[in-house]
Every structure is written in structure tokens, then in C-alpha cells.
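> If you read the protein sequences in the order shown, they are chains V and S. Heads up: the first sequence runs through residues 1 to 164, numbered per the working numbering. Heads up: the second sequence runs through residues 1001 to 1501, numbered per the working numbering.
Hints were generated in silico from the structure; no laboratory data involved. Owing to the predicted nature of the structure, the values given are computational and were not obtained by experimental measurement. One or more hints might be untrue.
Computed cross-link-like contacts, EDC-like style, restricted to lysine to aspartate or glutamate with a CA-CA straight-line distance of at most 20 Å [unchecked claim]:
id: 1; chain 1: V; residue 1: K69; chain 2: V; residue 2: E126
id: 2; chain 1: S; residue 1: K1284; chain 2: S; residue 2: E1216
id: 3; chain 1: S; residue 1: K1100; chain 2: S; residue 2: E1216
id: 4; chain 1: V; residue 1: K85; chain 2: V; residue 2: E126
id: 5; chain 1: S; residue 1: K1291; chain 2: S; residue 2: E1216
id: 6; chain 1: S; residue 1: K1101; chain 2: S; residue 2: E1216
id: 7; chain 1: V; residue 1: K85; chain 2: S; residue 2: E1216
id: 8; chain 1: S; residue 1: K1252; chain 2: S; residue 2: D1242
id: 9; chain 1: S; residue 1: K1100; chain 2: S; residue 2: E1287
id: 10; chain 1: S; residue 1: K1427; chain 2: S; residue 2: E1287
id: 11; chain 1: S; residue 1: K1245; chain 2: S; residue 2: E1287
id: 12; chain 1: S; residue 1: K1427; chain 2: V; residue 2: E78
id: 13; chain 1: V; residue 1: K53; chain 2: S; residue 2: D1445
id: 14; chain 1: S; residue 1: K1223; chain 2: V; residue 2: E83
id: 15; chain 1: S; residue 1: K1427; chain 2: S; residue 2: D1242
id: 16; chain 1: S; residue 1: K1427; chain 2: V; residue 2: E126
id: 17; chain 1: S; residue 1: K1223; chain 2: V; residue 2: E126
id: 18; chain 1: V; residue 1: K149; chain 2: V; residue 2: E161
Stretch-level coverage of chain S by chain V, calculated; a stretch enters the list once three of its residues show a Cβ under 8 Å from a Cβ in chain V [unchecked claim]:
id: 19; stretch: 1162-1172
id: 20; stretch: 1359-1372
id: 21; stretch: 1426-1432
Where a beta carbon is used, it is the ideal one built from N, C-alpha and C, also for glycine.
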Amino acid sequence: MNMKSIKLIKKDILAASVFVFFGLLLILLLIPRGVVEPGNVELAILSPSYYPKIISYILILIGLGIFIKNFPNGFFEESEKIEKKYLFRILIIFITILTIVFFLPTFGIPLTSGIALLFLLMLGGERRPIIIFLVSTLVPLLIYLFFTKVAQIPIPNGLLESLL
Amino acid sequence: MMENLISGFFLFATIDSFVALGIGVFIGVIVGAIPGLTTPMAVALTLPFTFTLPPVTGILLLLGVYKGGIYGGSITAILINAPGTPAASCTVLDGYPMAKKGEAKRALDMALYSSCVADFISNISLILFAGILASFALKFGPAEVFTLIFFSLTIISGVSGSQLLKGMASACLGLLLATVGMDLIYGTNRFVFGQTNLLAGLNFIPVLIGLFAIPEILNFFCKKEIKLKKNPLAGVGATLKDFLKCFKTIVKGSFIGVILGAIPGIGAAPSAFLSYSEARRTSKNPENFGKGEIEGVAAAEAGNNGVAGATMIPLLALGIPGDIITAIILGAFMIHGLRPGPLMFTQNIELIYAIFMGIMLSSIYLFAIGKASIRFISKITDIPHRILFPIILVLCIFGSYAVNNSAFDISIMFLMGLLGFGMLQLKIPSAPFLIAFILGPMLEDSFRQSLLISGGSYSIFFSTPICWFFWILTVIIISLAAWAYAKSKGTTFLKTNKIVK
């Protein structure tokens, strides 16, 4: 076995597990709780839950199909070992997204976009301060001006309300 | 007849009409190219400017925006994997892989050529066959629409590649996501969970951007930048040879667009997918589709632009708006005291001729403006990814917000982005998800409407020759796909055995 490889669960099996789990979740929890059934449904076929139920069952069947297809060859495969650096970058980018979503209502879109740009440019490997400064200030401003002045779409300014 | 034609020509041949049409196409291309700014939004925003214009000039301005918008959607679909409009969602399948290979200019050129040809064919069809197509379109009831959409879904087998089962599951997820919101028959909530933003369902644009553009951005930040191999076609536009190679596909896609465009309520997206599916089925290189096949771009663009003139058929011939844009254009007619429909052909025929002339000119404008824009727009791909991807992310944030003026849509975009990223990691094809999400509402509505009409009897789906026609096509396509799948498995099996021996 290669030093950098590791035995991991097959991607097909992971996907199949997700399909079966989600299908079951829909049938047992999400459809009963999330689909409001009216009292006057004359035919079961016309009920709002009929169509999602059919698709959920199909989803489960496909998931089981993938399991069966993979059964003869086993559920594990040799994969490249995932580098810690890669996992760290995924974590960083997820945190960035959460931060953007969290601060957007307070900071407004132009400011949040500017800060996100500044951070992402550096994370992406841009090292020239002048480029970082110009891109992170001018790009959100130009897009903002286009949307508000040309397309007449009100963009929430948040903290910059008095400035813009 | 001749007298009416001459009157129509004088109605049309004013500087105002020429300028308005050009401005309209230009606005349309720009708006269509910006994710989040939809063509209906641009047409609606332009409507107030037509109030003071003569009727022909005003309507041509709106038509210019419409036609420009449909083409413009393909620009961002090809360059940044974010379709500007739902109609351009099929173009991403091959357009973006081409851009990734450095062939953005070639893809943009082909998108423009096929858009212009399809637009021209659609306009000619409008002028010559409005009456025939309108009466044919009226034969499409819910059962016929259901079989048509069901047939369109067979494309999933094509875009799933070797991952057929995962592709089908991906389509199921797309169909499920399309059910979120208020049930159209009973008016009850589905998967809303008290979140009022979900009552109207999920908007196409944040879902499309999230599913395609965001995973690409996440992938860039999580991995090192991949240096592309030197491609001899990098920076080169589409050649006459490319165009001739795709010409048959373009013409076929255009006619698919014309037929579907004439049916009220179908729209450009299903037409693009159907055209793409047909092109893939008849192509000599079906395995290249989804990996950057120029014929795929041509088919998708011909399909979605083919509807542009044809959607005017039910509007002008019957007074029925086929989609949101034609509904706005109907409003523009009414503001000027005109009522489209059979009477208009007898009472205001010169006005109809003037509009026809303007529509024909719009194809030329589209070509000129599109060609000029490609020269500058294709340079976007020269920007280093470390700068380009953060900018795309910001554009996606603004675009997702602009659709409904809702920050909730930004969250949806990111959520779909994470889902798309997860699908990418598990090698689940996202194209079937997208196709099912776009066609899903139409599939369910027509399915339930049909059963409502038939009192629950499934025989309605086999009641007319049109239904049978689509069932037969569906069976043929599925059989061919199954045969091709079995054949490829057989080949793999034989190869493996040979190696073992």
C-alpha cells in the first residue's frame, strides 16, 4: 500500500447512505411534519404529499440499488490520504461563509462584500497590497452602484447607510 | 396586402425604432449576463420608458431587451459557471468546461452564432406559421405537457455519464427541492416549516448560482490552482468549420425552440434541455457532452433562443401570453390601446408587419452587439483565479439578493453551494439535479392537473396522439440509453477479462 493512501469507505457507498437516510427522513419525518394535508382531498393521488412520497421511495430504491451494485466488490477502497492542510482550508472557507451570512444583515452587502473580498484575496494567494486594496474597495462599490443606480435595486447598506 | 406592408414599413422605419431596438438588445445582453438580474426584471424595468414612445418603437424596445437577455444569460454561464438566466442553465454543461480548457472565446462565439440563427428561424416561423403553430399549441393540455416534460427528463440518462444511478438520485433531490413552497392545487404549505420566505418556493437564480458557481469557488480555495495544459484552441474563436459542424444541431434546436415556444407556459429552459438531449443522442461524440463539447453549447443556445420569436405566436395570434415576458409585452400593447389576438390581424395588420420587420432586425443587432461584447468579455478568463473567484463570489452575493431583494436568498445560495460542493466530493452529478429542479414544478403541476381532470384515472396520459408520440420517444430514448449502458459494461467486462488472461 502507498504511504499516502488509506482504506476509506467508497464514495458510492457514502452517497447511497445519504440517499437512503434522506429518503427515510422524508418519509418518516419531513413529509408528515412538513406537508400540510388539507381535509378535503378526494383522491389520494391529488394529495400534496403524494408526489414527494413517490420521489422519496424512488430515492431509497436508488440508494439500495447502489449498495447492491457495489456489494460484490466490497464497501471500501484505497484512497489518497486527505491532507490536514486541505481539511483546514475547507474549515476556513466554511467559517468565512457562515461569517458572511451572519454579518450581512448588520454590516450590509457592500461592507460585508468588501471585507470578504479582502480576506478571500489573501486566502487565495494574492500578495500585492495595492491590488488587494483596489479590488476589495472598487469592485463592491462598482457592483453596488450598478445595482442601485442603473438597475434601481435597493441594496441594504447596513453600517454604511449614512455614507452611501 | 402590399399596401399594408408599405404602411407597416413606414411605421417601423423611423430613427426612434432603430435606436430603441439597438438599445433594447444592448440592455438585454448586459442584464442577461449579470446573475440575479433576470430578463423579465429588465423588461419590466424598461416598460415605463415605452409609455411616451410610439407603440411600435416601445414594443420593439421591449422585444430587444427580451432577445438580448436570452443570449446574455449564456455569457456568465460559459465564463463563470453561473447562468445569468434559467434558460442558460443548460449552456453551463458544456460552456464552462470549454472555458476551463481555455476555449471561452470559441464557446461564446458558438453561443452567439447559434443564438442568432435560432432567433432568425424563430422570427421567420413567427411570421410564416403563427396561425398553424398557435392552433397546434392549443392542443397541449396538462397531459400532453406532462408527457413532454417527462420525455425531457430522459436527458438525465445522458448527462449522468457513467454515474447513472447517482444521476437519477440527484434528479430525485432536484424534484424534491422543487416541491418546497405552497401547493398550487390546495394552497397548503410543503416543507415551509414556518419560514415565510419559502412560501413562494425556492427561486431558480440562487439555486443555480449556488449549485454551479459556489462549488467551483470552494474548490479553488480548498485546492491548489491547477495549471492547465497548453491548449491550441485557447483564445481562438469559433471557426466556420465549427459552425458548419454544428449547423444541423442548431437548426434542429431552433425548431424544437419554435415548437415549445409556441406552447404557452413551457419557456426556454425545457427547450434548451430537449435540444441538448437531441443533439447528444444524434452526435458522433456523445461521450464528450458535458466535458466541453462545442455542439452542446450550440444545441443549448439554439434551443433557448428558438423560443424567443415563437413565444410571440400565442400572444399575437391568440392574445395569450406564454410567459412572464410576453405578459409584460401584452401590458405594453394594452397601454397603447391595442389588444393582441385574431382581431389585431384585421384591424392593425400594418402594426403587426412593422413589429415583424423590427423583430427581423433584432437578430442582426444581436449578432453585432454580441460580437462586439465577446471581444471584451472573453478577457475575463485572463484574470488570475485568485482574483477572479473572490470577485465572482461578491457578484453572486449581489445577484442572489437582487432577485427578490431578500437576504434569505443569499443564505439559500450558500446552502446550495455547500450541497453542490458535497455532491462534487461524492461524485454525484449536479446537472440532473438542476434539470429536475427546473422541470420539476411543470412536471408535478401537469401531472396533478391531468389527474384532477380525469378524476384520478391514469388513462388521460394515453388519451391523445401527442401523448403517445412522447411516450414512444421516451421508450426509445430509455431503451437506447440502457443498451448503450449495457454495451459499455460489457466492453469493460471483456477488457478486464483480457487483462486477466
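> Taking 20 Å as the top limit, are the C-alpha atoms of K1427/S and E78/V close enough?
At roughly 16 Å apart (the allowed maximum being 20 Å), E78/V and K1427/S satisfy the hint.
> Need the status of pair K1252/S, D1242/S: alpha-carbon distance at most 20 Å?
holds (16 Å)
> Mind checking, does the stretch 1162-1172 of chain S have 3 or more residues with a CB under 8 Å from chain V?
Answer holds; 5 residues pass the 8 Å Cβ test.
> Given the proposed pairing of K1284/S with E1216/S, does the C-alpha separation stay at or below 20 Å?
This hinted pair is violated, its Cα atoms lying about 29 Å apart.
> With a cut-off of 20 Å on the C-alpha distance, tell me whether K1100/S and E1216/S pass.
holds (11 Å)
> Keeping to a limit of 20 Å between CA atoms, is the pair of K149/V and E161/V held or broken?
holds (15 Å)
> Taking beta carbons only, do three or more residues of the stretch 1359-1372 of chain S come closer than 8 Å to chain V?
Coverage by chain V is violated for the stretch 1359-1372 of chain S (0 residues, Cβ < 8 Å).
> Holds or violated: are the alpha carbons of K1245/S and E1287/S at most 20 Å from each other?
holds (17 Å)
> Given the hinted pair K69/V and E126/V, is their alpha-carbon gap at most 20 Å?
The hint is violated at about 46 Å.
> Need the status of pair K53/V, D1445/S: alpha-carbon distance at most 20 Å?
Judged against 20 Å, a Cα distance of about 16 Å means the pair holds.
> Between K1223/S and E126/V, does the CA-CA distance stay at or below 20 Å?
The hint holds at about 15 Å.
> Verify the proposed pairing of K1223/S with E83/V, using a straight-line Cα cut of 20 Å.
The given pair, whose Cα atoms are some 11 Å apart, holds under the 20 Å limit.
Of the numbered hints stated above, those contradicted by the structure are hints 1, 2, 15, 16, 20, listed in ascending order.
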